[in-house]
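Undergrad: Model the full assembly from the supplied sequences, consistent with the hints where possible.
Chains as they are written, first to last, in my numbering: chain A, 1 to 173; chain B, 1 to 161.
Bear in mind the hints are in silico, worked out from the structure with no lab data behind them.
Careful: at least some of the hints might be erroneous.
Claimed, not checked - Restricting the straight-line Cα-Cα distance to at most 16 Å, the calculated cross-link-like pairs of lysine to aspartate or glutamate (EDC-like) are:
hint, chain 1, residue 1, chain 2, residue 2
1, B, Lys61, B, Glu147
2, B, Lys61, A, Glu36
3, A, Lys93, A, Asp167
4, A, Lys93, B, Glu70
5, A, Lys121, A, Asp167
6, B, Lys82, B, Glu157
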Amino acid sequence: MKKTCAVVFAVTMLALAPSAFAATSSGTLTVTGTVESSINLTIESAGGTTSGTGTAAATSALGSISKFGSAPTGFTLARGASDWTLSSTVGVKVDKANLTSTDYTLTAQLGSAPASGITWKLNGSTLSDSSATTLTSTGTYGSTGSYSWDIVVADSAAAAAIDNSVDFTATSN
Amino acid sequence: MRKTSTIALAMFILAAPFVEARRRAVAPVPDHSLAIEFVDGAGSTSLLAVAGGEAWLDLQKVAHAGGPGERVTRLRRRVGVKVVRVEGTAPGVAAVRARIDSSDGRASYRVNGRPLGRMPLLIDARAPIGSPVFHTLEIDVPVHAAEGALAAAITWEATEE
Chain A
1 MKKTCAVVFA
11 VTMLALAPSA
21 FAATSSGTLT
31 VTGTVESSIN
41 LTIESAGGTT
51 SGTGTAAATS
61 ALGSISKFGS
71 APTGFTLARG
81 ASDWTLSSTV
91 GVKVDKANLT
101 STDYTLTAQL
111 GSAPASGITW
121 KLNGSTLSDS
131 SATTLTSTGT
141 YGSTGSYSWD
151 IVVADSAAAA
161 AIDNSVDFTA
171 TSN
Chain B
1 MRKTSTIALA
11 MFILAAPFVE
21 ARRRAVAPVP
31 DHSLAIEFVD
41 GAGSTSLLAV
51 AGGEAWLDLQ
61 KVAHAGGPGE
71 RVTRLRRRVG
81 VKVVRVEGTA
91 PGVAAVRARI
101 DSSDGRASYR
111 VNGRPLGRMP
121 LLIDARAPIG
131 SPVFHTLEID
141 VPVHAAEGAL
151 AAAITWEATE
161 E
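TA: Rendered as structure tokens:
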């Protein structure tokens, strides 16, 4: 009796079983690209009244300068027998991204020929507008390098504007 | 014995219509299974190629353009995911999940601000079937990642609720 009922119940349940299905699907989004290395140079500080520090384009205004006047903000003035020198520093930082290089080379070049009797120096080296001068070949990424900045004015130089620009170039080693 | 036979006969009679219905059916049963389609985000400047359930997002060149203090290059793209029925337009909702199927390790990925990993992440619990839903895909490339080819496959799964 019991065995017969169990068999009947099992067969009936199979006949009543619903035809179930799981509705599911998938798709794939493929992402591709090329990661490129890069370095970024910023002027962090300079003598004079500055603007744009922290960027790659900074300006420094020295105002009116004279051998027997006061030194501009951030400068010292040294008087020689036939010339005088304004001295300060320039802070330059180079950051890297996605780059295995461990250090960099930094150069500087004047944007135009200096006025007669005016000499521009960085790190003790005279700058020219015709070729770049190496300031360091072992620059440390992420650290602000401080370079001495001198403007030597001959007593014979004309009383005129001495405007110029210094172009810094960093190259990963 | 008689009681057992009577019960068995009654249950078979109840079950019979289902069997008979399947034998009589001659009209094709609509395929209610789902499919996923990708839709390019409005206003996106990325190169997104779409072909049904497959899509390719080409980030092209990825170069760090952030400030010196930023340690990550972050890219954002709007991607639309549309769950559709293979046949018909019967309404419904589906749960949409996403996971990283493969990655070269140069970048990490987030959808709507939530990080993706190997395990499926529930993106939308009740995505309407037949309408696209747009999501924000963020790709983060840290500055310490090596330069080179970037590649990843993100699998999106939809299950009807």
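Undergrad: Hints first: check each against the structure and report whether it holds.
TA: The hints, checked one at a time:
For the hint linking B/Lys61 to B/Glu147, the alpha-carbon distance of about 10 Å falls within 16 Å, and the restraint holds. For the hint pairing B/Lys61 with A/Glu36, the CA-to-CA distance comes to about 7 Å; that is within 16 Å, so the pair holds. Between A/Lys93 and A/Asp167, the direct Cα distance comes to roughly 14 Å. Compliance with the 16 Å bound is thereby established for this hinted pair. Of the pairs offered as hints, the one joining A/Lys93 and B/Glu70 holds, with about 15 Å between alpha carbons and a cut-off of 16 Å not exceeded.
The suggested pairing of A/Lys121 with A/Asp167 holds, with an alpha-carbon distance near 13 Å, which does not exceed 16 Å. For the given pair, B/Lys82 sits about 11 Å from B/Glu157 by alpha-carbon distance, which is consistent with the 16 Å threshold.
Going down the numbered hints, you'll see the structure goes against none, and every one checks out.
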